[in-house]
Amino acid sequence: MFEMIKRLLKVAFTEWKLFYTDPAAVLLLVVAGVIYAFYYPTPYMNQTVSKVPVAVVDMDHTVMSRQLTEMSQATQQIDVRYIFSDVAEAEAALAREDIYGFMVIPHDMEKELRNGETVTLNVFTHGAYVMLHGNIGTAFTTCGLTLGATTKVKRIALGRKVPAAKAMAMRDPVPISIETMYNSTGSYSNYVVPSVLVLVLQQTLVIGLCVLGGPRAHRRFRRKYRETPVENEKLFYRYFGRSLAYFFHYCTFILFYHFVIYNIFDFPRRGELLPMVAFAVVFLFCVINFAMVLSQVFLRRETSMQVFLFLSMPVLFLGNFSWPLYLMPTWMQAVAYAIPSTFAIPAWLAIEQRGADIFDAAALLYPMAIQGVFYMVLGLVMTRIRDGATLINNTGDM
Amino acid sequence: MYFQHNLVLWLVLLVLPVGVSIFMLEVFSAEIVQHVPIGIVKQDRSQLADEFEQGLRASPVIEVKTMCAELSDCEHAIIRGDLTAFVVIPYDMERRALRLETPVVPIYSSGQNYLTNTFVTKEIRSVFSSIGANIYTKAMEDPVKVQLKSVGNIEANYQGFLGLGLATSIFHLACILGAVYVMSFPFRDRRIREFLAAAGGNRAVLWAASLLPLIILEWLAMVGVYAYARKVLAPMTLDEFVVVSAAQLIMVLACVGAGTSFVGITGNMRMSSSVAGVIAGPAFAFAGQTFPLMAMPIAVRGFAFILPLTHILKVQSSMLLGPIGKAHAWDSIEILIGMAIFWMLLGGRLMFFRWKWGAKREPRIVELDKLNAREAFKFKAELEAKIAEKKAVIAAKKAAKIAAKVAKAEAKKAAKEAK
Chain D
1 MFEMIKRLLK VAFTEWKLFY TDPAAVLLLV VAGVIYAFYY PTPYMNQTVS KVPVAVVDMD
61 HTVMSRQLTE MSQATQQIDV RYIFSDVAEA EAALAREDIY GFMVIPHDME KELRNGETVT
121 LNVFTHGAYV MLHGNIGTAF TTCGLTLGAT TKVKRIALGR KVPAAKAMAM RDPVPISIET
181 MYNSTGSYSN YVVPSVLVLV LQQTLVIGLC VLGGPRAHRR FRRKYRETPV ENEKLFYRYF
241 GRSLAYFFHY CTFILFYHFV IYNIFDFPRR GELLPMVAFA VVFLFCVINF AMVLSQVFLR
301 RETSMQVFLF LSMPVLFLGN FSWPLYLMPT WMQAVAYAIP STFAIPAWLA IEQRGADIFD
361 AAALLYPMAI QGVFYMVLGL VMTRIRDGAT LINNTGDM
Chain U
1001 MYFQHNLVLW LVLLVLPVGV SIFMLEVFSA EIVQHVPIGI VKQDRSQLAD EFEQGLRASP
1061 VIEVKTMCAE LSDCEHAIIR GDLTAFVVIP YDMERRALRL ETPVVPIYSS GQNYLTNTFV
1121 TKEIRSVFSS IGANIYTKAM EDPVKVQLKS VGNIEANYQG FLGLGLATSI FHLACILGAV
1181 YVMSFPFRDR RIREFLAAAG GNRAVLWAAS LLPLIILEWL AMVGVYAYAR KVLAPMTLDE
1241 FVVVSAAQLI MVLACVGAGT SFVGITGNMR MSSSVAGVIA GPAFAFAGQT FPLMAMPIAV
1301 RGFAFILPLT HILKVQSSML LGPIGKAHAW DSIEILIGMA IFWMLLGGRL MFFRWKWGAK
1361 REPRIVELDK LNAREAFKFK AELEAKIAEK KAVIAAKKAA KIAAKVAKAE AKKAAKEAK
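Here the protein sequences line up with chains D and U, keeping their order. According to our numbering, the first sequence is numbered sequentially starting from 1. According to our numbering, the second sequence is numbered sequentially starting from 1001.
Certain hints may be false.
Claimed, not checked - Below, in silico cross-link-like pairs of lysine-lysine (DSBU-like), each with a Cα-Cα straight-line distance of 35 Å or less:
no.	chain 1	residue 1	chain 2	residue 2
1	U	K1042	D	K154
2	D	K51	U	K1401
3	U	K1397	U	K1412
4	U	K1401	U	K1390
5	D	K166	U	K1397
6	U	K1145	D	K154
7	D	K166	U	K1145
8	U	K1397	U	K1360
9	U	K1149	D	K51
10	U	K1138	D	K166
11	D	K154	U	K1390
12	D	K111	U	K1360
13	U	K1360	D	K51
14	U	K1397	D	K111
15	U	K1412	D	K154
16	D	K161	U	K1401
17	D	K111	U	K1390
18	D	K161	U	K1390
19	U	K1122	D	K51
20	U	K1138	D	K154
21	U	K1412	D	K111
Said to hold, decoys possible - To spell it out: a stretch of chain D is covered by chain U in this simulated footprint if at least three of its residues, at any positions, have a beta carbon under 8 Å from a beta carbon of chain U; those stretches are:
no.	region
22	24-35
23	59-66
24	165-172
25	227-234
26	272-279
27	339-351
28	365-374
Said to hold, decoys possible - Between beta-carbon pairs, the in silico distance windows are:
no.	chain 1	residue 1	chain 2	residue 2	range
29	U	L1098	D	E117	25 to 31 Å
30	U	I1337	D	V281	35 to 41 Å
31	U	Q1034	D	A362	26 to 32 Å
32	U	R1045	D	A74	39 to 45 Å
33	U	R1301	D	A74	23 to 29 Å
34	U	P1060	D	T330	31 to 37 Å
35	U	E1389	D	F256	51 to 57 Å
36	D	S85	U	A1204	36 to 42 Å
37	D	S85	U	L1098	56 to 62 Å
38	U	A1139	D	A88	35 to 41 Å
39	U	I1341	D	T120	46 to 52 Å
What the hints contain is simulated information worked out from the structure, not anything from laboratory work. Heads up, the beta-carbon is just placed ideally off N, CA and C, and yes, glycines get one too.
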């Protein structure tokens, strides 16, 4: 037993030493994990979008239309930069990107409202910007509906001869109150970055492990070490010893993200010790074995990097956080279930962002554990096959 | 020559960009968010409560997945991610509503997911206000209605918002990575002399011959994917197609030039691929289509400005606005032209130096790789003999130097003794 642990640790230590001596490995397994953790959150440092430049096309020119404009100006999300009298002027400003949306107050709005008629306010946004569409839409809609609510209360009060307070209650007898949990400020970085951090861990680990040849014996880039006992260890020691090195190395990354990155960028940190440890063990077990399998496919070190750079974006979208997985085509869902991040991202968000306890986390960790076992068996089989293959100098491009 | 039997090159240049772009368009094939799972804690067993429940169940945006007995059941479901929100219909809601006591209905929503949270809260608000309004003011219409329209993306679908941009960002990455691959693999495989010989020893010919097929292939693939995407989303006019295609060609030139420059600076595939990955990998997050540029810190905006992707996305998005947009696309095209010229010149200059320097270092290693075992053995023996000869010469020189030193010292000593 002691001998076995000693041999495993020897392989692990040799592999760990390689992380810091091979330039490609240093870049992927050490530098990338740190750099990306600072690089990705920087665009979202302001967290929310406020004071988006917009315009109001006022065709009514009345007290009520001016009140509506002032109300819009007072909102947090938008900044009314221009007041036009013509839609064409607003369209030109939209094309120049001086504004990203505008509201059209129709001719005779006040008159029609006072006559008991219905008025429609049209809000136009730039079709290319999803977030601005939401912000501008929410701000103008709130202002328009507030004006509508005021008018309706007046109509109820005058029509049914009731006091204003009663009229207000009659207009909306069951008001709702929305409590936004876990991201009360609506921060975009809180939404995106924690998930991306999990993906960074997965992608750097997969690419790094592929670059270092995974559990393979006789790795092409280590010509002068090929005959050393550690490189020629038995499959069991080579596979699990190297896995151990990656496991401990990436545990430090999880701690770094939890204690440093989350603090610097002020993300909510609700992770309890036990679920965090469980997550680290299951997630790293799964990703390391996944990478061990993939590392048997690539013969050239750079190829994995080139291929996985393209795949990062689909993998991110399959992670079930930016767009619901159940809305994707069935074949995509099937692909998603083969990737560790599909389960890891929701598990990490539940544990770290929403403070899931071990019972809540367990349901999220089981599928990942099953994936890990599957990839471990596959990885061992593939390594055995690969070890049996002769080492050819010109191995092609994969 | 470089297209021969090279699987990775075809993957990087064509298969992955086209495949991943179409994949990204398909991700949003549902177009809008639907069936967001919510829960209900129904404490009030009244007719009004049933009406609210039915209203929520009838909505296409939300799906009532759980009826929770306790508040904590729904809370844990949110923590696990099974639900996005839950509605608490409080005790005595109907009775209090009829007494005009305005009972508040709390909605708890997980803000963790920005997208589903926005949709679900909007929909719940709409259901409650429309059913609530029926109690006292059924016949009374809302005096003000607001219609939200997205110019160029009338249905406000996410394929239109994000699909096109994502496909373009994939090609942005493909052009840079493709250039990195094409320019650096003669260095990796130590075939610079072979490539230079094929180009007749002319580096300008080699530069043009290496880049032209890459540029044409990437451009055609990109235009094809864009045309396919626009066919799916909204039909495109001929002049729009011409303007966008021209802008895409310029972007391809700029990206290929940038990739060439990375190889020129780093001199090897691994490092230049890493640089390309760090810059172009997350470029979409910096290009301003998801999170707007104006809300980013000034330094990040500067970085976004130097990315060709930012400008090509502006060209594409201005096309959504029709003829007025087309007139303003020129500003971004001008910037792209500047970028293309700068990167192409820089990349070309750097590669000229790299080829010259690399060709000088290369020959001995190349030959060793190409020889068969017997020739390699012979070559190795010759090499060892040469090294031994050189070593002998150095040793002889060293011995002569030492002998001279000793003789000098002895002469000095003799002179001293004579004195």
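Hints the structure fails to honour: Hint check: 2, 5, 11, 12, 13, 14, 15, 16, 17, 18, 21, 23, 25, 26, 28, 30, 34, 36, 37 fail, others pass.
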